[in-house]
Amino acid sequence: MIAVTRMLRLELRHNAMALMVPVVVVLFWFTTYRRVMAMPPLWNLRAADLQMYSVVDFVTPLTGAAAWMGSRESRRRLADAVLITPRARWARLLATWAATTIWALVAYVGCVAVVYGMTAGQVAGGGPLWWPAAVAAASLPAFTALGFAAGVLAPTRLTAPVTAIVAFFVLVLSTELIGHNGHSYWQIAPIVSVAWNTGSNPGVATFYPYLPDLSIAQVMFLAGVAVTLLGTLALVGESRAVRAAAGGVTAAGLAAAATAVLLVGTSAMDPHGMMRIPALHDAANDRPVQFTPVCSHAAIPVCLNPAYSAYLASTTAALEPVLNEIAGLPGAPARILQEAATYRVDSRDGEEVRPTEGNTNGEAVYHLLLPVQMLGPTLTTAQTASQVKWTDGPDIVANFIGAGPGASQAQNAVAAALTMVLGRVSADPNLRADLNGEAPGGPGPSELGGLIRGTAAQSAAERFAALPAQTRRAWLASHLAALRAGQITLSQLP
Amino acid sequence: MNTPAMTATGQATATRLATAARLLRLYAASRRTPSALAAIAGCAIALRVALLGHWDAYGALQLPLVIETAAATVVAATVASPFGEPERVCGRWLPFLRLAATVALTVTATSALVIAAATGGHLAGGTLDVIRNVAGITGLGLLCAATLGGGLSWTGPTAYLLPGVYALYTQWHGPALTTPWLWPARPPHDLGGALCAGLVFAAGLAVITMRGARDRPGDGE
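Residue numbers (our numbering), protein chains in the order written: chain A, 1 to 494; chain B, 1 to 221.
If you're looking for bench data, these hints aren't it; they were derived computationally from the structure. Just so you know, even glycine gets a beta-carbon here, dropped at the ideal spot from N, CA and C. There's no promise every hint is true.
[Claimed, not checked] In silico contact screen, one side only, chain A against chain B (beta carbon under 10 Å); selected entries: (1) 23; (2) 24; (3) 60.
For reference, chain A alone in the conformation it holds in the complex:
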């Protein structure tokens, strides 16, 4: 044991990967750290992207360094000199591989510690998620084994660069080959952390636990690949007993890797946006995560999942003008509560996200689906607030008044008038410019409520919106029931 430790210590001191650690750290900072830390402070987003980017950061330097170490004995013409040492060749090679892997893991753990440490200080709940970090960690021994085996078996001056670039090429290619196939075997690639076609999504793994199914299969595959590659090193030039043992190890590794690939072929996106593999799935992970929502102190509280607490102030500010208008009136919602998203794959339209519960007129709780939970590009806090303002604001009013298709002209006019209020005020002066701007692709204030410019309904809406807030409120308090019943005409609006 002492001899093994000493050999490992010697290998650690004379390892090319030690020299590559600064390179890896710089690459990690340049591509992963800056990108991940620029994301909204959500564990699911950051952990998923950390897995993808860090694997890409490590693959080339690590595989190259491992190939360089693997070809060392041949390069320095030491093969004959070390042949007479009492230690078996396989054990000697494994010590070099282990030292290379240890250096890579040290660098990786340091990088992950920084990202997770910083994120822990910014995020209120929902993590940390360890499975994505574990998959990236498991990929390091596999990459080392790949490069090392190539270096031992084909020790030429071109081995290190060719192996490093081929490994990178296969990784990049795998993402291209997944395509739109949700059952693609290429999802076994360790850079895949979420349903590939939906990408990293803030709505995933917050209301429901992170599903480790795909991660388990990936770790199984990577371990199998590493064991297979290391086993092949002992199949030539060793004693019969060692060859037999190596044969068994190689077969076991191959079986594990093949099984993992087959399992990934059975995967599919579940309603919570994560990859489910039936054979690896734990039903306990289907239960929603219990949490106490964080609520604002508005006239009608806006309550979000703690993981989204960074959006609370801006969301409240976006909805506050409308909430102030209707708070305390009969039929107004008692609170605005964020809800989980439901993901589904449509055979014609691809992946889509819908609210799990939806809203009905006059309900005591308005269910809010934040725009960041939808598919699409990652939004800033201000963009999210702007979209909430122009989608949920009018929706809350419509539910309250009962406006919409089939409603009376007066209902639609009042709903439009209350929605126009959104365009005038914002409680948070810092957000005023963004919130009062038009949502990308959204309606302008004059088009709200589906009213046509120049019609009597639009004139009535503008007239009602121009009233002082107290007057509007007093009129609503006394006429709301009749308005909802469709008994008020446009001419009766003040």
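Given the coordinates of chain A, assemble chain B onto it according to the supplied hints.
This is chain B only, laid out in the frame that chain A set:
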């Protein structure tokens, strides 16, 4: 009718040519040039096969970049000398051989990739993109060979590959990286990117021509 003097001159010229040819052949063999040519041919074939696919926007630029980097590392790997100091002392023509071999291999690598793409495939960046990328990344490899040793010349190009691929990615998933030092992400006709790549190639070529790769035990194998 040949006079004895003319015959002697002709024989001397023929001898010099034969010597030069032998010198070139031995130099190429010592630098594993045949292996490098085979690897470059492999890169060209890989590019042609990759172009059979219908890649999405940045994949169509990333995959060729990976192969261009492979070709550039192969060129840079050939500068390692198996002889070290004795060759430096005795090799009067060594700087010229290093210059000629490196330029010839770079041109060969670029031509091979362009020809491979021209045989029916669609190369998203075009010919200028290949020339710029191969030259610039080869320059990085040459600089690494001069500082770290010929055997480790691959470290620079492979390390640069990731920022290059990432910069291409950011053109679609912003914020976009637009510095000309990340020339793979610049448009093919971009002057800044071409100047940076050309500068790196010129610097690498100059250093390798004058000093050669740093000698390290086992680098020339």
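A quick look at each hint next to the structure:
1. 23: Because about 5 Å separates residue 23(A) from the closest Cβ in chain B, which is inside the 10 Å limit, the hint holds.
2. 24: holds, 9 Å
3. 60: Hint holds; residue 60(A) Cβ to chain B Cβ min 5 Å, cut 10 Å.
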